[in-house]
Amino acid sequence: MSTPLASPGRPRADRTPRGLGAAVRRALPPGLLFALPFLVLFALFMLWPMVQGVWMSLTDTSLAAHEPSFIGLDNYTEAFGDADMWRAMWNTVWFTVVSTVPLVAVALAMALLVHTGLPGQWVWRLAFFAPYLLPVGVIGLLWGWLYQPDLGLYNHLLQAVGLDGYAWLSDESIALYAIVIATLWWTVGFNFLLFLAALQTVPDHLYEAAALDGAGAWRRLWHVTLPQLRRITGVITVLQILASLKVFDQVYLLTKGGPNGSTRPVVEYLYDMGFTGYRLGYASAISYVFFAFIVLASAVQFVALRRREK
Amino acid sequence: MTSTDVRTRPARRTVSPLPAARRARPAVQRGPNLTLGAGPLARTLALAALAVLAVIWLLPMFWAAFTALKSEQDASDPLHWIWPQGGFTLDAFRTVIERGDLPLWMLNSFFIAAAVTVVTVAVSAMAGYAFSRTLFRGRRWLFTVTMASILVPPQLLIVPWFQQMLTLDLVDTYAAVILPQTVAPAMVFILKKHFDTIPRELEEAARIDGASHARIFRSVMLPLSRPMLAAVSIFVFIGAWNNFLWPFVSTSDPALMTLPVGITAVKDAYGVQYAQTMASSVLAALPLVLVFVFFQRHIVKSVATTGLGGQ
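Residue numbers (the UniProt record's numbering), protein chains in the order written: chain A, 1 to 310; chain B, 1 to 311.
These aren't lab readings, by the way, just hints derived from the structure by calculation. Wrong hints could be hidden among the right ones.
Cut-off 20 Å, straight-line C-alpha distance, at most; resulting in silico cross-link-like pairs (SDA-like, lysine to any residue) [said to hold, decoys possible]:
# : chain 1 : residue 1 : chain 2 : residue 2
1 : A       : K246      : A       : M89
2 : A       : K256      : B       : S252
3 : A       : K256      : B       : I150
4 : A       : K246      : B       : I150
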C-alpha cells in the first residue's frame with residue numbers, strides 16, 4: 001500500500017561531508033543506510049546461521065574436537081529412521097493439540113467474563129496475566145513444588161477431599177498433561193489480553209441493535225460477540241499452534257523430557273543430541289527436518305485462514 | 001493491525017483499535033450492560049465464575065509466597081502442611097539473598113534485557129522507516145526476505161549460533177547472549193506498518209524545508225511514534241527478560257547467568273530446600289509483577305498492539 005517518496009534530491013548538499021562515515025553516506029542511498037544496522041545483524045545472526053546450519057547438517061560436526069568431514073545426507077537418512085526423533089515429533093504434535101485447545105478456549109472465556117464490566121477489573125487482569133510475566137525458571141521451580149508427590153499442594157488438596165494423589169511428573173501416562181496444565185496457567189494470560197482487546201473493538205451499536213430487537217444476553221453472545229471475534233480467534237489459534245510447536249523450556253525444567261522420553265519435544269531432542277550428545281551435525285539435520293514441518297504447518301494454516309476470511 | 005496513535009488519526013470511538021484499559025472502565029458505569037444481561041442472576045453467575053478462575057490462578061503464587069515464609073522444616077512437614085508449627089520466618093529470604101547470586105542474576109537479566117531492547121528497537125525502527133518511506137535498490141526483495149524469516153523459530157538456530165560463538169570466541173560473554181536476540185523481523189514489520197499509517201503531509205513541510213531523512217525520522221516520525229515505540233519496547237523487554245533457551249545454552253559461567261537460568265541452576269545445586277526455592281522464585285518473579293501492578297495499562301496495551309505480530 002505504500003508508494004514511498006523517492007528523494008533523489010540532495011538536501012544536505014550545503015554541508016561538506018568528510019571522513020569515512022561521510023564517504024559511506026555518499027556511496028549508499030539514504031534508505032539503505034537506515035536499514036543497514038538491521039540488515040547487518042540480520043545477516044550475521046539469521047542468514048549466516050541458517051546457511052551454516054545447512055552445511056553442518058551435511059557434516060559430522062561434533063563438540064568433541066575433531067575436524068568435521070562432509071558426510072552428505074547421512075544425518076537426514078539417520079533422522080528419518082530414528083525412532084526417538086519420531087517419538088519426540090509425536091510428543092510435540094500431541095502437546096500442541098492438547099495445549100492449544102484450552103489455551104484458546106479458556107482465554108476466550110476469561111476475556112468474555114472480564115469484558116462484562118463486572119467490578120474488580122484490575123484484580124482479574126492481574127490474576128490472569130501476572131503468571132505470564134514469571135520467568136520460566138520460576139515456572140519450573142513453582143510447579144515442581146506444587147506437583148511434588150508427598151508435600152505438594154495439589155496432592156494435599158486432593159487428599160483433603162478424599163482422593164488419591166498423583167505422581168504428576170513421574171507417571172508416564174499423565175506427565176505431559178501435567179505440563180499442559182502448568183503451561184495453561186503460565187501463558188493463557190497472553191491470549192486473554194488479545195481477546196480482551198478484540199472485544200473492545202466490537203462496535204456498541206451492534207449490541208444496541210440486537211438489544212432493541214429483543215435479543216437476550218445469550219443470543220447477543222452467540223450472534224454478535226462470537227461472530228465478531230471469528231477472525232481474531234483464527235489468528236490467535238494459529239499463533240498459539242506455532243508457539244506450542246516450539247515448546248522446550250517448561251518441559252525441560254519440569255521433567256527433562258522424562259519419564260522415559262514420554263514428554264520430550266523435538267526442540268529438546270535436538271538440544272540433547274547437540275549439547276549433551278555433542279553431535280552438532282546431527283542436531284542441525286533435526287532442526288531442518290522440524291523447520292520443514294513448521295513451514296508446512298504454517299502454509300496449511302495460512303491457507304485455512306485465508307479461506308475462512310473469504 | 002492499525003496504529004493506536006491517537007494523534008495521527010481522528011479518534012473514532014467505535015473502531016479505535018485497542019486502548020484496552022481505557023475502554024474497559026466506562027463499561028462498568030455504562031447503564032444496562034450490553035454484553036451481559038442486566039439481570040442480577042447473570043451478574044452473580046459471571047462474578048462467581050470469575051472468582052473461581054481468579055482463585056485457581058492466584059493460588060500457585062500465593063502458595064509460593066506462603067511456603068517461602070516457612071522454615072525449611074515446616075515447609076516439608078507432610079502432616080501440618082498448611083499452618084507452620086514454628087510460625088512464620090524470613091529465614092529463607094535471608095539465606096537466598098545472603099548467598100548473593102540472585103541479585104547478580106537480576107542485574108544480569110536487567111542489563112541484558114535492556115541492551116536487547118535498546119538495540120532491537122533502535123535498529124528495527126530505522127529499518128521500519130527505511131522500508132516504509134525510502135526507495136533503494138533491492139528494498140522490496142530485502143523486505144520479503146525479512147518477512148519470510150519471521151517463520152524461523154529461534155529455537156532451531158541454537159546449534160549454528162553456538163558454533164558461531166565458538167568461531168568468534170564469544171562463548172560466555174554478554175555479547176553472545178545479547179546479539180542473536182536483537183534480530184526481530186516481526187518488530188521491523190510492526191514498525192513498518194505503523195510508519196505506513198503516519199500521514200505523509202506531516203513530513204512534507206519538513207521535506208520542502210530541505211530536511212534529510214535523518215532529520216525527518218528524528219523530528220517527525222519518532223515523536224509521533226512514542227506510544228508505538230513504548231509498546232514494542234515493553235514487549236521486547238519482557239521477551240528478553242524471560243528468555244531461557246539461548247541464555248541457557250550460551251552461558252556456563254554463573255557470573256553471567258540470567259535470572260531464569262540461574263535460579264534453576266541453584267535448584268540442582270542445593271537439592272530440595274523448598275522454602276528457599278520458593279523464596280528465590282518469589283524474588284525472581286517480583287520485578288516484573290511489580291512493574292505490571294504499576295504500569296498495567298501500558299503493558300496491556302503493549303501486548304494488545306504487538307502480540308499479534310502485526311497481523
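How the hints compare with the structure:
1. A:K246 <-> A:M89: holds, 11 Å
2. A:K256 <-> B:S252: Status holds; Cα separation ~18 Å.
3. A:K256 <-> B:I150: Distance of about 28 Å is beyond 20 Å: violated.
4. A:K246 <-> B:I150: Within the cut-off at roughly 14 Å; holds.
When each numbered hint is compared with the structure, a violation occurs for hint 3 only.
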